[in-house]
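> Chain by chain, the residues:
Number of protein chains: 2
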Amino acid sequence: MAEEEQIMEPGSENVVLIGKKPAMNYVLAVVTQFNSGAKSVKVRARGNAISRAVDVAEISRNRFVTDARVDKIAINSEELANEDGTKSKVSAIEITLAR
Amino acid sequence: MAEEEQIMEPGSENVVLIGKKPAMNYVLAVVTQFNSGAKSVKVRARGNAISRAVDVAEISRNRFVTDARVDKIAINSEELANEDGTKSKVSAIEITLAR
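Chains as they are written, first to last, in my numbering: chain P, 2 to 100; chain S, 2 to 100.
Honestly, the hints are just simulated from the structure, not real lab data.
Watch out, some of these pointers could steer you wrong.
Copies of the same chain look alike in the list, so a pair counts if it fits in one copy or across any two.
[As the list claims (entries may be wrong)] Below, a list of computed lysine to any residue pairs in the SDA-like style, where the Cα atoms sit at most 25 Å apart:
id, residue 1, residue 2
1, 22, 89
2, 88, 15
3, 88, 37
4, 88, 18
Sequences and hints are given; from them, build the entire structure.
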């Protein structure tokens, strides 16, 4: 994960990690964070969830937090250890929405 | 497509459109364009192919065109007409690699 931290600023608050649930679940999390006073929210995903992360950012911005804009988008590669000890590379994205 | 063209500069050369084939097919296309003298290559995808677009950009940059960097990443929403006349929104990404 060291590689991720170089590019993506570790330990920052207001992060929504995208998994396999429907996009609207994560949109709700983004909207809730903005409504709680957050100035920016980071949407993060790895692998196949990357497409959903873009959906979440677009739906949040176009329908619910219309004064938010895409502040930054970063992509990188992370190395994950498999159960058998081998390593796989997986792509990741971080979309920062800000108002 | 009008919405796309506002954000993504229409008619530009050196575009690789990501579909359902394995990522390496598209990596080859990106590498070929750089080897033909292109200063920048745009990797575009919609919907589920967005994750693959990030893979293609990362693999191209890390393994084959190591002097290329991610110059710009844009996301947007496009409206597509379905066969029954209804419309669906789909997310899109454009990753510009430049050397």
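> Decide, hint by hint, whether the structure agrees.
The hints, checked one at a time:
no.	hint	verdict
1	22 / 89	both (23 Å within a copy, 20 Å between copies)
2	88 / 15	neither (29 Å within a copy, 33 Å between copies)
3	88 / 37	neither (39 Å within a copy, 33 Å between copies)
4	88 / 18	within (22 Å within a copy, 29 Å between copies)
Checked against the numbered hints given earlier, this structure breaks hints 2 and 3; the rest are met.
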